[in-house]
Amino acid sequence: MKKRLLLFIFAVAVYGVHAQETFPRNDVKDNRAGLFAFTNATIVVDAQTTIPNATLLIKGNRIEQVGTNLNVPKGYTTVDLKGKYIYPGLVDAFTSYGLSEPERPRGGGFGGVEQMTTKTKGAYNANQAIRSHYNAADEFSIDTKMADELRKQGFGAVLTSKPDGLARGTSAFVSLTEKNDNTALIRQKAAAHYSLEKGSSTQTYPSSLMGFIAVLRQTYLDAEWFGSQNPRPFADNSLEAWIQTQKLPQVFAATSWMNSLRADKIGDEFGVQYIIRGAGDEYKRINEIKATKATFIIPVNYPDAYDVEDPFDAERISLADMKHWELAPTNLAVLEKNGVPFALTTNGMKKTSDFLTHVRKAIENGLTEATALKALTTTPAQLLKVDDQVGSIKKGLLANFIITSGKLFDEKTIIHQNWVQGQLYAIKPLETRDFSGNYNLSLNNQSYTLEVTGEPGSHKAKVKVNDSTSFDATATFGKELITISFKPTKQSTGNVRLSGWSEATGWKGKGQLVDGTWITWNATRTGDVTKAAAKNTPAEKKEELGKVIYPFTGHGYPALPPAETILIKNATVWTNEADGVLQGTDVLLKDGKIVKIGKNLNEPGARVVDATGKHLTPGIIDEHSHIGAASINDVASNSGMVRIGDNLDSENINIYRALAGGVVAVQVLHGSANPIGGQSALIKLRWGESPENLKIQGADGFIKFALGENVKRTSNASSIRFPQTRMGVEQVFVDAFTSAREYEKRLNAYNTIPLKEKAAAIKPRRDLADEAMLEILNKKRFISCHSYVQSEINMLMEVAERFNFRVNTFTHILEGYKVADKMREHGVAASTFADWWNYKWEVRYAIPYNAAIMHREGVVTAINSDDAEMGRRLNQEAAKSVKYANISEEDALKMVTLNPAKMLHLDNQMGSLKVGKSADVVLWTDHPLSVYARAEKTIIDGKVYYDIEKDAENNKVLHADRARLIQKLKNAKKSGMPTQRPDSRSQAEFHCDDVLGEESLEHFEH
Amino acid sequence: MKKLAYILLFVLSTVGYAQPPIPAKSQAKPVALTGGVAHLGNGQVIQNSIIAFENGKLTIVADATTVKVDLSKHEVIDISGKHVYPGFILPNSQIGLQEVSAIRAMNDYNERGELNPNVRALISYNTDSEYIPTYRFNGVLLAETTPAGGLISGSSSLMEMEGWNWEDAAHTADIGIHLNWPAISRRQFDFNTFTFAESPNKEYDKEVGELELFFSEAVAYGKQTSKEVNLKLEAVQGLFDGSKVLFIHANTSKEIVESVRFAQRSGIQKITMIAGASALWVSDFLKENKIPVILPATHNLPDRNDDDVDLPFKLPHLLAQAGVTVSLSNDGSLHGGRNLAFYAGTAVAYGMSKEDALKTLTSNTAKALGVDKRVGTLEVGKDATLFVSKGDALDYRTNVLSHVYISGKLVALPGIQEELYERYSNKYGHKR
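Chains as they are written, first to last, in our numbering: chain A, 13 to 1018; chain B, 17 to 448.
Derived from the structure by calculation, the hints contain no laboratory data.
Honestly, I wouldn't trust all of these hints.
To be verified - Pairs of lysine to aspartate or glutamate residues, derived as EDC-like cross-links and limited to a Cα-Cα distance of at most 20 angstroms, are as follows:
1. K330/B to D322/A
2. K270/B to D322/A
3. K852/A to D347/B
4. K852/A to E146/B
Unchecked claim - Short, incomplete list of chain B residues facing chain A, as computed with Cβ under 7 angstroms:
5. S215
6. E219
7. K222
Beta carbons are placed, not taken as given, at the ideal position from N, Cα and C, and that holds for glycine.
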């Protein structure tokens, strides 16, 4: 027995009693001073400072002193922690500890009877998902089970908030004491919380990601307006709370790196720097994540390995999912390397008990221990402004600390004790008796050597008959008692079983031989076990990890395509200009522009592409697309405040598929569920770029309108939403524009108030929907209107003329051929399907001659897709006008290039091959209107974003990477790691017609 | 008076326009098409052909450069510079059973219940469906009208895209039974993540068990000498003697193998698989078991993110290369049926030869439907169901038909869409 340290006897988990003054008593007074001295410990004060051989004094729930050479005053209970470590109690910056689960009622979606207003009773916000009035402190109550789980991972205090709503109210900062709620609650309103999840709200609006963003933006504006008035115009407890909680730390819960960027953008608009609860996938776009300048709270929720035993089933798992499984443990190291500050959380983990293991795995993958510790102590404490309470071991702070057997992040380290507010929670016995050594074991007149090895608390025993024969023994070492059992000979069918107690020199006791005879035995320590020289195990070969690809999905690129100077030689060039189609012509692309078109061009240093027998055309532009958006439909009759651009999804595979079909740019439109839909995003298909970089900078603003069956909610028999007829649809427009004019008057009136009177005046409330309508009236935003039958087409033109503006584009416009003359007069463009018809009543009279008739009548006409499949072969859709109506081939090609560029106001930079225009071109293997033509190269801004040969090579790389990961997953399963079923997730394809209306619900459920 | 006359004229013409085209008269006189490039549908091409037919049947299919025939009794039509093809066959379609899909009253293809082998698609078949003229317009002259839904949807029939009523239009009644093999896993949309998530179908074993029981009882029923008539068991008897085809709709590779083995165990003679890209993983199995496959349109997106972007385009070629008999269908909305030719054209762009691609619309389809004795190729004795096109019928700009014959009947091409085209071109004074 080499060392002997003071032990506690732990019968119950909680020790120390500090009664609360105001509470009634049901016993004699038992107030203890709670004076403890922890001596001879290595004290990790914080991530920067470690004091060896130090002493910690605590008094009651506070730290009294820390340092070396401290005199332990009298009256302190001394705990000798020689060889042990003391760390600050860890802080989890994002939990919902001690709060009830939010209810998740059905509803709030698209089907059935719409719920137009909030169901929250009382004077709360107009939107049910704005729950800023909620305070976790009002509800918080100790959850002993979860407290125990968290303490076992070293946590002493946590932030707790309720994950419910877009605005979630405030969180509380609480300790993990089990004494009582009053003690546990350290700070009532610790932070204000937000998210992009609707939670328990059953109100129909908002029902899309972009709608969630719009509601948060509008609420910021509402709060500003509301707060500027005294007395208030009405009571709104939610807005009051929103206003009051702005000074708190603002925490935004994001569920993906893309949502983190979206949240940050909301913050930028309103001057708020959120603390962002990330998703653990930040490594996928670290540059953009870094650029948010936010501090993150990061979960360590690594996915389980996939079960890939069956090769057919394994095919269902996407490369992206497998890669994430592989790379998720590198996330924290990537964040650290890029200087992104972060705290850690157990939030989102399947098992809290994996927390430290997962952090250690992150350390194996390059996270430094110091940063890990910081992320669990000072960072969250400072972030939540509770560093005067927790996060380090300093005088005056709460006595929250843990005692460990070694360095916290060493694999073998165990947590012995977790002290919370000066109260002890025992986890693993503070085992201090070291029994290791050789003993002479004598029993039944025989003498054996008993060899005890290993660390205290996990000793192993072996019984040696002589130098060549030994048996493993089962041995249990208690503080005073010992049990040993072993086979005395090789042939023996049973064990010798011994039980005994410790003596100064070893043990003695009673036992039974194999035959049941009782005997006495003793064991005397003879010396230390000679340690076998540590085996020179070769350093474990570090497994190679796959690379991050952009976007993070199959067919992503390891690096973005470079800007190139490209000379395309000897092509058939479709200029879409007066020159028409030029044979045997060269085109030079440089600095992202078309620089020269002519014969026998030369350009030193250019990459020369031999295009003999091939066709070069302007890149295809799709006026009506829904690819690359996370959601496309909200449900308010006037949804003008929602913006597709707020929820672009750069990782959507359909972007690449469209590129492979020669598409360079699309208008991502809102869906057609509402008379007034959301604002469009005009994007170029820059595969691999971030969502923001897809946008065409400087492009005009567009907005979706819609008419007819979809907006009447025809397929939802129980819909109650206004309008239900085409008559009502017109009124929605008239109402919206009238309201916008009134809005403008209010703004103008305010703006013309003399400066000195302005302070006293109330600034009109900014309304995001009115603003969008006003932009239309002022010709700063342009309508693309989903439309089918002639009556409604005439109606919208008439309404526009009444309000003195013009409709920019009718999209779909399947009966445009019936009113093409009126359209020409109005000056509206038409973007239609080539040959879709009859899938609903209002398209019964759609004809494949529609585009030709409108074109011949002088309407700028395009062919669109509204569909990710058709969108990747729009050249073929254009060819149908040649087939059916004998339109000239050049005019047909313009319907998918120049004409859509015109209606999107992009024709000054795109749509034709003209010197000075953007180098957005496609090289085709064949006549571009032929079914046999394949896009060979799709070039955007002079960069080759799709190349048919590279695609073939990349497919091989993709398959090789899949194969490598599948082997790795197999090994992971073999090594006993938990696995999950290989269930795939796939992205939704959106159509404005049948997706995210009620039709879509059915569609999705099929 | 003048005004009244205009109004009358308008009313009359409106009435005329509102109706589908009038069905054609039977072939009165032998017809010979001479000088055209004949694509026979079996892989062969005759550059300078004579194609003649009488009483609805092909009588001459010959090379004009080598064979001299007396055509004096024929109505001879010179189609030099044009191409002649066997009528395309559209399999697995709800043609005639559905009109405007969004309107409940216009859907007539999905009977209630799980086991409906006794229901017959052709009973609902509407010869006045407005889709039919649009199909013919692009060369689709035959289609399998097919019930859907449940485990066993019912019995399908091959219809001519022409006729006064369903009895007239039926080319071959009740060619087979459609079986929807239960899915091993199900896809469900998750509104939280806006993705589809797969999970195992808990009903799988139960549903397969139901089918096992049904078919084993059907076999036993066939052997019973005295029995109470059971319409459902009766309806599948043709599967055991090879007079009907079992069409199996299956999604995944495992479902394909399991369903084929099931059908073979049940003693079913002719099996045709209706499946997608998953057939590729078990192409050896399909080849060895001689199971023809009806694929969805090539104009589809790949199922999975990691799939080659052009997988649906090259799928027919890849499967055909693996030795599987492949034909193409239209799996989306009914209006897409008229694009069948271009689905095959796309397969050509991605590796198939043009004549092989033509087979996926003609002879291969006829085999998959069990009707290859009468249709699918231009061969003497077969139906004179064929069309003449300005050029390559698999490409957009050249798929322009001048003559369409269904069982020898000359069929008018324009439908309501063409009439509307004419009406509004006239309104605006456009040259067409």
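Item to check | 20 angstroms Cα cutoff - pair K852/A, E146/B | outcome: holds (13 angstroms)
Item to check | Interface restraint verdict for E219/B against chain A (beta-carbon cut-off 7 angstroms) | outcome: Since chain A brings no Cβ nearer than about 15 angstroms to E219/B, farther than 7 angstroms, the hint is violated.
Item to check | Holds or violated: K270/B to D322/A, with C-alpha atoms at most 20 angstroms apart | outcome: holds (11 angstroms)
Checklist entry - Does the nearest C-beta of chain A fall within a distance shorter than 7 angstroms of the C-beta of K222/B? => result violated (20 angstroms)
Next on the checklist: Please verify whether K852/A and D347/B have alpha carbons no more than 20 angstroms apart.
Outcome noted: Holds, at about 17 angstroms.
Next on the checklist: Holds or violated: K330/B and D322/A, Cα atoms, limit 20 angstroms.
Outcome noted: Distance ~26 angstroms between K330/B and D322/A Cα, so the pair is violated.
Checklist entry - Do the numbers back the hint for S215/B, that is, is its least Cβ distance to chain A under 7 angstroms? => result holds (6 angstroms)
The earlier numbered hints that this structure contradicts are 1, 6, 7.
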